[in-house]
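Q: The residues making up each chain are set out below.
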Amino acid sequence: MKYPALLFFCLLLFFGCADSTSHSRAVYMLLDTSGTYTAELDKAQSIINYLLGTLSPGDSLAVARIDTGSFSEKDIVHKVNFDGRPSVSNEQKRAFRLAIDKFVKAVKPSSYTDISGGILQAVEWLDETDAGQKTILIYSDMEEELKKGYVRDFPIQLNEIKVVALNVTKLRKDIVDPRTYMARLETWKTKVEGGGGSWKVVNDLDRLERILGE
Amino acid sequence: MSVEFLASPPVLILTVITILLLLYLARKPAHRGITAFFKVISSAMRLSARSVLQAEKNLQQRNREVLLAEGMLQSERELEREFQRVESIVNRDLQSYPGFHRQLSELLERIDNDYRTSAELPPSPPEWLNAVEAVAGIPDPSGKGVAAILGEINNSLDRHHKNAMEEYRKASGVRHSLLKRMQPAWRQLTKTLEKVNRSITSLKDRATLIDGRMQQYEQVLGQTDTAEQRLASSAMTQFLIAGLVMLIAIAGAIINFNLIALPMSEMVGGSSYIGNFKTSDVAALVIILVESSMGLFLMESLRITRLFPLISTMEDRMRVRMAWIAFGILSILAAVESALAFMRDRIAADMEALRQSLAGADAIVAQHSLIPTVGQMVLGFILPFALAFVAIPLESFVHSSRTVFGRLAAWLLRIIAWVLRLTGNIARRIGQLLVACYDLPVFPFLWLEERILAARQQTAEDIPVPATKKTKGKTS
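Sequences listed follow chains A and B, in order.
With the first letter of the first sequence counted as 1, position 170 gets the number 213 in the working numbering; the numbers rise by one all the way through.
With the first letter of the second sequence counted as 1, position 334 gets the number 335 in the working numbering; the numbers rise by one all the way through.
In isolation and in its complexed conformation, chain B is listed as follows (with noise of 0.2 Å):
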């Protein structure tokens, strides 16, 4: 009965006019809680980005501190690497110079001296004229006398002409094969000459590099943009070159896992567990883990990368000793996953012949081919020490990664900024639409309010001044 009253329409109405009339009544003290609630939402998520966004200023700074920090190392490490081949050339050829010197001297004063020995003589003047002129002179009725005597002088001529010719080819003869005895000298001074020019070019060659080098430090030490962009572009290349070629050392070394996981199982059995891992799996992952740092030893001592400045600042006697060690472990343990590849290849084909004979089949006579085994047996062999080169790439990856990652998380910042402030900015509107919103079903209430003030200020209006007040004006 009571609630058929309740729900009777002139009641609805009541109700709803009372609820109106208090939601009026209330729209002061309401618009100002909602529009306080989310100015306090507004003005958290401003703060709270303007702190984002001071932390990522921040990180932006280490980021350039790091990346220039790392420039300068790698600049000065290229620089030294110059240096240290501008100093091999140096030691290799221009030491040799006085040498050189002494060589090409000695070579010059040969070429010299055949050259003055094989010079041409003049051939001897022709004294037989004049005798013969005299001879023609004599006066000889019969011509019989002088006939002879130039007879005999005619003989006697050629007789010289023919020694004379038969000494000038001689001298001739001699001359040239002092001339073809100069030729080997003067190849070796060409030679000799081109050596000297190729340490020059060579030595020119570096001297314009280490300019680049030199230019490329200063830039970094000045901190300018264009280094910080070089670097950071050089920094994202290496990221994703020493990415991939680590990928490509993972993939190796799941295949050597898989190469010794089954015969560890011979060494350690096969049904005990460490956590949820086989405890042959993890013996053979602690195998690979092990060659992998030998080789990053061997390389460490090898001066090839600079993961450990412990060792590279080691003494020389000692790091040399360091690196034979490693070298010697890794090939151990080389030697020990080839034979556990060829145990494997063993295992693998018994397993084969029991499935076989369990499934019923007929007995297969096996063809047992060397080339499997063997080709297991070498990639054992061979994988460990291609592992060992992997701590090139990882030194890389480690350098770079400092940047990239640093680079990422800046970004990441801007954008929890970004977010920050657009909810704040969102935060904010929506406390202005749910006033409007207050406001809409209190529209009559509000009308009428309206209404009655502006009636207020018409009658207001029409009230006349005061004469009073416009005499005061007036005498004012």
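Looking at chain A on its own, in the form it has when it is part of the complex (with noise of 0.2 Å):
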């Protein structure tokens, strides 16, 4: 009676010393499905396929399109908690895969680009991860381009969210006059950084360690 006792408080002692601070990722990642843009969907396959590379057993990858509201979970494409254990977690990559790669082939696209409806519903899934690092990756050209009546010019809290634009294509008012495209970002940035996030801009897709890194 006495030996069992002494195993249950060791375990417990064992167990009861596991970290509350949480080291898991958890990446939100919005894809531009508007217009000409949905061309470039291709690239983002092999940006998803880098992440499902990168990401350990614990972490958590949603990937969701933008269209005319994208703030609805509806959006989400795929989404899922990577298990501990690394064989399961490599069937659910596996799986994941398998579902972008459907949608890419399927995807049709938008009249509207609600980004800033797609970040508040990427903030709103991070939150619910409750994990230590928390990123957002927007695959767009960044031209937020509203439905008439749809509201979204209030800041948006971003506390400890990385924020990444990746391929920022530029439009073709952007060659006549570059000061636009300099504009659109520096809009982004501040609105990002007001919110406490933090932002980064990658256009070149060959360095993809950057999405990620510090």
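It is worth saying that the hints were derived from the structure and are not from the lab.
The structure presented is a predicted model; accordingly, all values stated were derived computationally and were not measured.
The C-beta atom is built at its ideal place from N, Cα and C for all residues, glycine as well.
Everything hinted at is true.
Every beta carbon over 12 Å from chain B, so not counted as near; a handful from chain A, in silico:
| hint | residue |
| --- | --- |
| 1 | Thr111 |
| 2 | Phe114 |
| 3 | Ser154 |
| 4 | Glu167 |
| 5 | Gly192 |
| 6 | Val219 |
| 7 | Thr230 |
| 8 | Lys232 |
| 9 | Asn246 |
Computed, partial: chain B to chain A, Cβ under 7 Å:
| hint | residue |
| --- | --- |
| 10 | Ser266 |
| 11 | Glu267 |
| 12 | Gly270 |
| 13 | Gly271 |
| 14 | Ser272 |
| 15 | Tyr274 |
| 16 | Ile348 |
| 17 | Asp351 |
| 18 | Leu355 |
| 19 | Arg356 |
| 20 | Leu359 |
Using the hints, build the complex out of the two chains.
A: Printed below as a string of structure tokens:
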């Protein structure tokens, strides 16, 4: 009777010392499906594959589309909390990849681009994961086009969330006047940093390690 | 306006002269102050150095005591081991000496008997010669009768000679066979004697060795400098060798860790943490540490090491039981590690396949070879047993580190004492330098003072000595 009690105490001590700080990572990737940007989605697949290869068991990943009204769970293409066991986690990654392949093949262009709504949805999901490192990846040209009546001109709380804009392509008007491109990025930077997040732009997709790096 | 006035040369010169004058007036108290301050520092340093040197002396004494105690223990253990060997030789060889003796006596008796039996018989004397002479002396004019008799005698003689020769040959054959039968007895005798000789020589060697060990033991008991130097040198060698082996063992433990850390995440999950470390990594480390501990207990139970006096002084039955338990747990853990190594191989292959498919590479038909899998499994099984032997260098390391670290600490204390003394001396010299530097700006006043004093002395010398004094001197 004495020894099982001792064993129980040791186990309690062992697991009771578990760290309360979360070491897991959560990534929410927004894919712009508006207009001509749909053609860029093939490149997004390689980024998602990179993320699948980089994220560890216990991490979380979600991919959502940006369309007319992105502040909706329906726009989440696929989401997963990777299991702690590597074998199960590998199977989840395979399933994730298949789901994304299916989505890219079947996606239809949307009329509007609600980036802010997507970010709001991402913040909500990331907060639920309770991860230690939260990242929002926005695969878009960052040109927001809202349908009439949609309200998005308010600050978004992005405490300790890293926002990375990927493959921010130059529009025709940007080529004519590059200041519009700079101004667009600056607006988003201000918005993100104003909400307590950090902002980064990665246009060179050969340097994918910079996405999740410090 | 006032600043300009203050900055004007006459005012500046006046100020400087005033300051110098003040410095001159405060010269003696300033000198005393500077000297006292640096003397305090110097004394404090010297006192500290003395204390540190005293501590170093105490530490040296403690090191010496530890070293000699260790040496005594080691010598006692070596002597005990030598006596055990002698005992085993005596038990093995000399205990059967009465048997050898009986065997030797029997062999000698057999050889003696055979030798006696094989003695050569003298040939029969030639009795026929007298008969021939008698027959030859018979008068016979025709000579036919005697010749016939002699002829018969000759024939009989030949026959007898042939029979005698045959008998002789037979007897020689018997003698040779007896001598041949003696050969294995001689060989056995030689072998037995060689065996006895070996035992005696081995005992003689052991006795010489024990003599040497006893001399060393006596030196240690006598606490001689030679013994101390020998033990210190031995401790340093042991420390280096044990340290090297421990490093190799640590490298083995790291490989072992990498072998089981990944599959442990399959068992305890790869996402939980203890502190800043993954639970799976901690679990793998715990397994390795438990294996090392079991190895340590096994070595202790077998009395190969003596880190825990409680185990080595345990009752033999209990000790053997403990050794079996430790060996059993070690074997189970080795089997678990082997299984984990197998699992690792599978997980690694699965991960590699996933990475390749994510990278968009064409599906490669994996040529699965059993060699790496089996290799990892064997490694996983052997490494725990290899780690069990770490207990031996660990014991040497622990014992020798007491001496080595003690000596190192003494050396450090000596260095600290030297630095303190040096600082004290430097502080004293700095005080003297500052006193000299203080005098430098006020040198005009000092020069004047010197001149005035010289003039006064001159004046005092120029004044004639009063006559009364001279008279007084003369009268006295």
